[in-house]
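Asker: These protein sequences, in sequence, are chains A, B, C, D and E. Be aware that the first sequence starts at 1, since it is given in this note's numbering, and climbs by one per residue. Be aware that the second sequence starts at 1, since it is given in this note's numbering, and climbs by one per residue. Be aware that the third sequence starts at 1, since it is given in this note's numbering, and climbs by one per residue. Be aware that the fourth sequence starts at 1, since it is given in this note's numbering, and climbs by one per residue. Be aware that the fifth sequence starts at 1, since it is given in this note's numbering, and climbs by one per residue.
These aren't lab readings, by the way, just hints derived from the structure by calculation. These figures come from a predicted structure and were not determined experimentally. Errors might be hidden in some of the hints.
No distinction is drawn between identical chains; accordingly, a pair holds when it is met within one copy or between any pair of copies.
As the list claims (entries may be wrong) - Result set (DSSO-like, lysine-lysine): computed pairs, CA atoms no more than 27 Å apart in a straight line:
{"#": "1", "residue 1": "Lys-180", "residue 2": "Lys-74"}
{"#": "2", "residue 1": "Lys-302", "residue 2": "Lys-160"}
{"#": "3", "residue 1": "Lys-204", "residue 2": "Lys-31"}
{"#": "4", "residue 1": "Lys-180", "residue 2": "Lys-71"}
{"#": "5", "residue 1": "Lys-230", "residue 2": "Lys-180"}
{"#": "6", "residue 1": "Lys-204", "residue 2": "Lys-302"}
{"#": "7", "residue 1": "Lys-302", "residue 2": "Lys-247"}
{"#": "8", "residue 1": "Lys-247", "residue 2": "Lys-31"}
{"#": "9", "residue 1": "Lys-230", "residue 2": "Lys-302"}
{"#": "10", "residue 1": "Lys-203", "residue 2": "Lys-101"}
{"#": "11", "residue 1": "Lys-247", "residue 2": "Lys-160"}
{"#": "12", "residue 1": "Lys-195", "residue 2": "Lys-48"}
{"#": "13", "residue 1": "Lys-247", "residue 2": "Lys-230"}
{"#": "14", "residue 1": "Lys-203", "residue 2": "Lys-192"}
{"#": "15", "residue 1": "Lys-71", "residue 2": "Lys-101"}
{"#": "16", "residue 1": "Lys-171", "residue 2": "Lys-31"}
{"#": "17", "residue 1": "Lys-247", "residue 2": "Lys-54"}
{"#": "18", "residue 1": "Lys-48", "residue 2": "Lys-304"}
{"#": "19", "residue 1": "Lys-54", "residue 2": "Lys-123"}
{"#": "20", "residue 1": "Lys-31", "residue 2": "Lys-48"}
{"#": "21", "residue 1": "Lys-204", "residue 2": "Lys-48"}
{"#": "22", "residue 1": "Lys-34", "residue 2": "Lys-101"}
{"#": "23", "residue 1": "Lys-160", "residue 2": "Lys-301"}
{"#": "24", "residue 1": "Lys-301", "residue 2": "Lys-203"}
{"#": "25", "residue 1": "Lys-34", "residue 2": "Lys-203"}
{"#": "26", "residue 1": "Lys-160", "residue 2": "Lys-230"}
{"#": "27", "residue 1": "Lys-54", "residue 2": "Lys-180"}
{"#": "28", "residue 1": "Lys-34", "residue 2": "Lys-204"}
{"#": "29", "residue 1": "Lys-101", "residue 2": "Lys-195"}
{"#": "30", "residue 1": "Lys-54", "residue 2": "Lys-204"}
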Amino acid sequence: CDPITNIDDIHFNSKDKSIFWLNTYGTYHTKEFKQIISSTALDDFLLKLISNDKHPNKVLELDNVIFVAIKVLKTETENFDTEQMFFILTPHYLWSIQEQKGDYFEWIRERIRENKGIVRSKKTDYLLFLILESIIDNYEDTYDDISDSMTILNETSDVKPTPEFTQNVEKEKNTIITFKRAANSLRDIITKLEKTEQQKVNKKFYSELNTQVNNLINTIDFDLQELESKINMIFSIQGHRLNEVMKTLTIFSVIFIPLTFLAGIYGMNFKNIPELDTEYGYFILLGVMLIVTLVSIYLFKKKKWF
Amino acid sequence: CDPITNIDDIHFNSKDKSIFWLNTYGTYHTKEFKQIISSTALDDFLLKLISNDKHPNKVLELDNVIFVAIKVLKTETENFDTEQMFFILTPHYLWSIQEQKGDYFEWIRERIRENKGIVRSKKTDYLLFLILESIIDNYEDTYDDISDSMTILNETSDVKPTPEFTQNVEKEKNTIITFKRAANSLRDIITKLEKTEQQKVNKKFYSELNTQVNNLINTIDFDLQELESKINMIFSIQGHRLNEVMKTLTIFSVIFIPLTFLAGIYGMNFKNIPELDTEYGYFILLGVMLIVTLVSIYLFKKKKWF
Amino acid sequence: CDPITNIDDIHFNSKDKSIFWLNTYGTYHTKEFKQIISSTALDDFLLKLISNDKHPNKVLELDNVIFVAIKVLKTETENFDTEQMFFILTPHYLWSIQEQKGDYFEWIRERIRENKGIVRSKKTDYLLFLILESIIDNYEDTYDDISDSMTILNETSDVKPTPEFTQNVEKEKNTIITFKRAANSLRDIITKLEKTEQQKVNKKFYSELNTQVNNLINTIDFDLQELESKINMIFSIQGHRLNEVMKTLTIFSVIFIPLTFLAGIYGMNFKNIPELDTEYGYFILLGVMLIVTLVSIYLFKKKKWF
Amino acid sequence: CDPITNIDDIHFNSKDKSIFWLNTYGTYHTKEFKQIISSTALDDFLLKLISNDKHPNKVLELDNVIFVAIKVLKTETENFDTEQMFFILTPHYLWSIQEQKGDYFEWIRERIRENKGIVRSKKTDYLLFLILESIIDNYEDTYDDISDSMTILNETSDVKPTPEFTQNVEKEKNTIITFKRAANSLRDIITKLEKTEQQKVNKKFYSELNTQVNNLINTIDFDLQELESKINMIFSIQGHRLNEVMKTLTIFSVIFIPLTFLAGIYGMNFKNIPELDTEYGYFILLGVMLIVTLVSIYLFKKKKWF
Amino acid sequence: CDPITNIDDIHFNSKDKSIFWLNTYGTYHTKEFKQIISSTALDDFLLKLISNDKHPNKVLELDNVIFVAIKVLKTETENFDTEQMFFILTPHYLWSIQEQKGDYFEWIRERIRENKGIVRSKKTDYLLFLILESIIDNYEDTYDDISDSMTILNETSDVKPTPEFTQNVEKEKNTIITFKRAANSLRDIITKLEKTEQQKVNKKFYSELNTQVNNLINTIDFDLQELESKINMIFSIQGHRLNEVMKTLTIFSVIFIPLTFLAGIYGMNFKNIPELDTEYGYFILLGVMLIVTLVSIYLFKKKKWF
């Protein structure tokens with residue numbers, strides 16, 4: 001099962017029972033691709049598909065061939081940088097096309113060598129299974145990196161009811177939703193491969209991949225749920241704070257407004273205000289004010305305002 | 001595969017192995033259409049269908065014929081101006097009916113010429129595939145134009161919590177939802193064509209179209225998600241601003257209300273207010289006021305109000 | 001295809017190749033119905049079905065017969081007044097039962113006469129198709145009437161944040177949802193007819209009806225979406241207005257509270273307040289007040305409060 | 001079709017063409033049940049099922065037998081009191097097991113006698129149809145009772161924005177949702193019976209039951225929708241009232257705050273305030289205050305605050 | 001049906017008609033597992049599956065074997081501690097692999113002994129049914145423990161509109177949702193077993209398990225609904241309280257602001273204020289103030305503010 005690197009060696013429909021894996025770099029070698037396709041009697045719809053360099057994740061069942069286009073995430077960078085990969089699957093051949101020369105498949109090859117005992121007796125569908133499994137791992141790793149770098153998702157206690165915080169929640173939500181879409185399209189591919197009617201495709205492999213990718217999507221859904229909770233929290237805190245602020249204002253106002261009014265009354269300059277002339281009027285008024293204050297506080301306490 | 005322009009040349013059910021594409025302009029030539037349909041032994045339910053000039057997007061599987069009605073978007077204008085198109089598909093004939101004479105199909109023809117190598121050996125379903133692919137491109141281009149012209153969707157930073165802003169968000173949301181409906185009905189057509197049981201229809205073409213239109217719908221969903229986030233932002237900003245405004249009012253009131261009350265007390269005209277007659281009463285009071293103010297500020301600071 | 005009006009003429013299972021349409025008025029002639037059913041060897045489950053005069057929209061596949069119960073909307077009135085109709089369909093017979101004698105089917109008959117050329121060679125399923133098509137038209141017309149009479153749905157600009165407005169939005173929403181349910185049950189009927197396994201039912205007719213009723217439901221969904229937008233608008237306007245009101249109050253309070261405090265200070269009657277005895281104390285204070293005011297206004301401007 | 005009451009008479013798999021209905025009371029006669037099951041060669045999984053006395057609504061397709069467990073609602077009481085019933089259906093036998101001796105099936109028997117003409121030629125599936133129909137009626141009656149007793153659902157006009165009102169809305173919503181779950185599980189049973197592959201089960205009966213129970217669920221959905229509208233109304237009224245209250249406060253404050261400030265100015269005790277010594281200063285100030293008030297009112301009117 | 005404990009005794013594909021249950025402890029005995037798998041000619045994909053020690057709940061249909069991985073909840077602890085279990089099912093063998101040696105299966109064995117009469121004639125699918133049933137019971141018990149320990153879910157009356165309360169609601173919601181996911185994945189397993197095409201698997205058992213796990217999920221949904229209601233209640237109470245607070249402030253302010261203004265007027269020091277010199281001016285003013293207050297109170301009463 002060592003990869004073939006010599007392009008001349010390609011006989012996709014050979015009756016030989018061994019399995020070949022052809023890995024080519026660069027999606028722009030259209031001419032060579034066309035030559036291979038026509039010489040090996042593959043479905044010529046492939047010509048049109050490969051000549052287009054932007055594909056969403058997809059699986060197409062052509063005549064005797066399965067065409068798979070997947071975007072692989074690059075884990076090195078922070079962003080969702082992706083690399084386009086094509087897989088062309090016949091019973092005995094797996095042709096993978098990478099956008100750039102890279103060591104991406106090196107560890108898949110290692111995996112193959114590790115699992116040698118198992119791989120020996122398998123067909124190309126098992127090869128594709130191993131590659132897809134490593135791509136799912138790649139998605140899982142990338143998602144772990146992304147969710148670890150999210151500040152709001154990870155700080156479980158402090159919700160700040162500010163627009164900036166809300167905006168960050170929304171930003172992280174959108175990032176996760178974007179990632180979920182990518183994971184969903186990966187699941188669609190696997191589901192389609194599971195349902196494919198081509199003779200040599202073994203459903204059990206794709207069934208296994210399906211549970212793996214569903215597991216990833218469940219993790220994503222859980223994080224989304226957490227962020228939705230934060231939004232509820234934000235509005236609840238805003239409402240609570242407003243209540244607290246207004247209670248403070250109202251308690252102060254309700255206590256002092258009548259007192260200030262009373263002081264205003266005895267600040268008037270009417271010629272004849274009998275109270276002003278009494279010996280202890282001032283002190284009686286202070287006493288009345290104290291009583292009014294105490295009654296107000298008692299009433300607020302009773303209504304459990306503080 | 002050059003289009004036929006002479007109406008007399010039509011033999012839909014000829015046993016000839018070549019493929020014909022008949023393109024006619026105008027949906028009002030009911031009489032001629034009827035004549036063609038009856039003379040070529042097509043399903044006479046077509047008569048009823050074509051006589052009706054307003055159709056939603058639809059696919060109907062008639063006896064030996066597939067009838068497709070699609071609204072094509074006109075990219076020249078800002079609005080959703082559409083043109084009705086009918087396609088009548090038999091194994092060897094594709095009859096397309098345009099509402100108005102236009103160069104719309106010119107670039108489809110070019111595409112056909114470009115892909116000549118591939119097209120040669122294909123049937124009418126491949127022709128329909130190319131036309132539908134160009135219509136999806138047309139939808140994608142139109143959507144790009146629409147979403148580029150949306151002011152709120154594109155300005156990522158500034159959310160204004162005004163009713164006008166909300167109204168604009170809702171307007172753009174409704175526009176996008178309307179477009180999404182159009183894209184959905186296009187997908188329904190393609191899904192129905194994929195499921196069609198007519199013998200000559202090749203599923204792989206429609207499967208490919210399906211992933212293309214799903215990709216468009218994913219883009220639309222993402223934009224809708226963005227606008228929903230804006231709505232959340234609006235309410236969050238409103239709540240935050242209200243909190244800020246009320247905090248300002250409350251801090252000012254809570255600081256000055258007791259001070260004003262104290263000033264009111266010593267503005268009273270009681271005959272006997274001992275404090276008024278002391279030498280430094282005024283300055284002592286100012287000192288008390290300063291202390292009250294500082295304590296208030298300290299308490300607010302402690303409660304993190306500012 | 002002229003309708004039969006003489007009840008004695010009924011031979012539902014005649015081997016005759018012509019098509020009969022039996023139209024009877026009144027659902028209470030149970031005895032006569034039973035007689036007809038038993039004499040013509042129709043499924044006796046019909047007896048039980050017809051004896052019940054309240055049916056939701058439904059399609060039942062009985063032995064050799066299809067039973068359809070539909071509520072037809074009366075367009076004359078404002079409300080959702082409905083009339084119960086039954087259709088009993090065998091390959092050669094269509095038996096329709098109306099609740100009340102009316103000219104409802106007159107224009108269906110006209111349609112039939114119009115489409116004579118097409119109808120001639122058709123079976124009873126085409127007759128049912130025409131009737132169902134006219135019922136869908138009837139639903140569409142009624143919905144147009146209803147949505148035209150809705151005041152809030154049609155005034156696109158003025159959203160008032162009052163409970164009355166909200167109540168009207170909710171009322172119109174509920175009316176539309178009720179209508180949507182009716183349209184949905186109509187679609188269910190057509191879908192069930194499309195899936196029916198009875199030999200003579202032609203799927204293409206019901207496929208066509210399905211796209212028509214889906215189109216109606218899309219229109220309804222769009223209107224519902226519009227009303228949902230109004231609700232978002234209401235809450236956004238309420239929040240915005242509250243912000244405006246509180247801003248006004250806060251600006252006024254923050255500007256005048258310190259000024260009033262200062263005036264209160266110099267209204268005190270302390271024996272020894274040096275400022276009071278200066279020549280220009282009053283004018284200096286007015287100047288200080290002006291400066292405080294200008295600074296406040298400057299700060300508010302800076303914070304973009306107005 | 002008279003029910004058998006003698007337990008010894010049971011020969012479930014007799015080749016006799018007549019139909020038997022066995023009705024037993026009490027679910028605790030496990031021993032007798034086991035005896036019957038083993039002696040009549042029924043699937044012994046029934047033993048395990050019947051020995052368990054708490055089942056959710058369910059249908060199980062065993063070997064040659066269909067096992068149905070349904071909870072019947074007791075209409076006499078206010079609560080959701082339910083009675084467990086089991087039905088064991090073979091082509092010629094219907095064995096029903098009631099929890100308690102009751103006259104529940106009396107009116108089903110009456111129904112059977114009423115419909116005698118129809119029932120005669122039917123199999124046990126028709127018997128089960130009649131029983132299930134009466135259970136659906138029982139659900140519908142119970143729901144009518146429940147929804148009639150709901151105070152908030154029925155008072156269409158008065159929405160009070162208090163927590164008590166909200167709590168009542170939520171309570172009624174939860175009650176209805178609980179009922180909807182029961183109705184849904186009933187529908188699941190019927191759908192499962194409709195899909196059952198046992199030879200003698202007649203789909204048309206269950207198709208009819210399905211439309212009946214769907215009709216009930218539609219009614220429930222409509223009531224739920226009404227209650228959701230009330231919640232929207234509550235928040236809208238709260239927002240509106242807050243706006244009204246704050247407007248009142250702001251208008252009063254904005255009008256009186258400057259006036260009180262002016263009065264404060266001329267209440268100061270500065271030695272030299274020229275205005276105080278003028279003859280008509282007081283009246284001029286009153287005039288100025290009037291003008292300020294009128295201008296404020298004019299501005300509020302212009303901004304449509306009242 | 002006594003479990004085999006001697007590892008040497010394993011002949012999975014023996015033609016013997018008896019049923020064997022092999023139970024092994026520890027997932028790390030990879031070498032022994034590999035030996036067993038290769039020696040008994042089981043699908044070698046099992047090697048890869050078992051060597052991986054972290055699986056989500058899953059069912060895989062391999063060649064002649066069904067592989068089931070389930071996480072069993074540990075009821076002893078408060079958290080969602082789980083133990084990984086594998087089941088490998090062939091027609092005559094059930095091989096269960098537990099992570100740790102424990103008495104977990106003891107009571108399953110008891111169950112088997114209890115149901116001896118029934119079990120005797122059953123295949124391994126019945127054994128798996130009993131194990132899965134006990135696992136569902138285990139989930140139900142754990143959920144009962146969890147929901148009983150939730151403080152907010154169980155206190156039906158007191159909703160506090162504080163952020164802490166909201167946070168607790170959200171926490172309990174997330175816990176329940178996490179549990180629901182576990183229950184859902186259990187249901188997925190059972191549904192997949194129900195749909196499995198392997199010859200010896202008896203659908204009726206899994207159909208029964210399905211209704212049991214659906215019942216559990218319904219209970220969970222009901223609790224989630226309760227918590228959602230609490231959230232609505234929180235916002236409603238916040239809105240109501242704010243209204244009450246602002247009403248109090250506004251009533252106090254509206255009553256006292258004009259009175260304080262009047263007092264301010266007659267506190268001015270204008271030389272010529274005729275009212276000040278009248279004999280009863282002070283008392284007349286007090287009367288005027290009383291009237292203003294009573295009118296305000298009357299107006300508030302009329303507007304139903306208190």
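Asker: In ascending order, which of the hints set out earlier in this document are inconsistent with the structure?
Answerer: The structure breaks hints 6, 8, 10, 16, 17, 18, 24 and 29; every other hint is satisfied.
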